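Undergrad: Heads up, the sequence shown stops at 306 in this note's numbering, and the numbers go up one at a time, no gaps.
To be clear, the hints were calculated from the coordinates, so they are not data collected in a lab.
In this text, all values refer to a predicted model and were calculated from it rather than measured experimentally.
Hints are supplied without guarantee of correctness; some may be wrong.
Label-pair distances were calculated between CB atoms; the ranges are [unchecked claim]:
hint : residue 1 : residue 2 : range
1    : E172      : T150      : 15 to 25 Å
2    : E70       : R186      : 48 to 58 Å
3    : R131      : E172      : 43 to 53 Å
4    : E70       : P243      : 40 to 50 Å
5    : A75       : T182      : 37 to 47 Å
6    : F232      : Q266      : 18 to 28 Å
7    : E190      : E292      : 21 to 31 Å
8    : V188      : E70       : 48 to 58 Å
9    : S230      : R283      : 23 to 33 Å
10   : E134      : S230      : 43 to 53 Å
Each residue gets a CB set at the ideal place from its N, CA and C atoms; glycine is no exception.
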Amino acid sequence: MTLRALVASPTPPAQAAVEELRSAYDWVPLEQAEEVVALGGDGFMLQTLHAMLERRRIVPVFGMNLGTIGFLMNDWRLERLEERLARAKPFRVSPLSMTAVTISGEQCVLPAINEVSLLRETRQTAKLEVTVNDRVVLEELVADGMLVATPAGSTAYNLSANGPILPLGSALLALTPISPFRPRRWRGAILPEKTRIGIRVLEADKRPVSAVADQREIREVSHVQIEIDHMRDLTLLFDPEHALDDRITMEQFIA
């Protein structure tokens, strides 16, 4: 028998569902669990996954949507949960690792499941130098910022910035500019996931830039390195009829 823990966002719908599930099924404390059932929206799923990365104890997660969009979640249903979990299809999600160094010389390493984004902090545009595997590929990008997205995150901020949708399991990363000014015709790149991406902030004192790994922000960065961290792969569980790779594929046909 698989030992499972139940976690939920603090919203009233999620808390009400917790009471129903606790009376219908057996649960164990989180530190003993072999799987986790998470109730909430996409934001709570990211929060749950980040908590696992911080604790360095990673187990599969089956989410049920009691939030707004629920792209990373399954449908909420109380009935036949044990059967759904037994049939669930696993998907591996490899997080990014962001190493950011600030103007003052402080260094911070953070994981990102969806994307790492660099954003201008003032009304002035950011000026960024971009390297791929230590080779300069853009000497100066003038833009509001740029982001690096995983396949799992390619339908989030990346899509809003007109970046490409990446199929899950494609072993690719999306490098997408945010409101680019120059070079005028550069609209981003699709790179192998083994790529090391470096971004150096030009005129960092005059044009400050923040780096954001999912929801965690480091302000006034001077340079950032981003790469996939396969040592901390995550596993999401989905109903076969609502598999994440199918949902990502179908997003390309939504007008």
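Undergrad: Run every hint past the structure and note whether it holds.
TA: Structure-based check of each hint:
1. E172 - T150: 15 to 25 Å: 20 Å Cβ-Cβ, so the 15 to 25 Å window holds.
2. E70 - R186: 48 to 58 Å: Given range 48 to 58 Å: holds, Cβ gap about 56 Å.
3. R131 - E172: 43 to 53 Å: holds, 50 Å
4. E70 - P243: 40 to 50 Å: holds, 47 Å
5. A75 - T182: 37 to 47 Å: violated, 53 Å
6. F232 - Q266: 18 to 28 Å: At roughly 27 Å between Cβ atoms, Q266 and F232 fall inside 18 to 28 Å, so the hint holds.
7. E190 - E292: 21 to 31 Å: violated, 48 Å
8. V188 - E70: 48 to 58 Å: At 53 Å between Cβs, range holds.
9. S230 - R283: 23 to 33 Å: Since the Cβ atoms of S230 and R283 sit about 32 Å apart, the hinted range of 23 to 33 Å holds.
10. E134 - S230: 43 to 53 Å: This hint holds: roughly 47 Å between Cβ atoms.
In this structure, the earlier hints numbered 5, 7 are contradicted, and the remaining ones agree with it.
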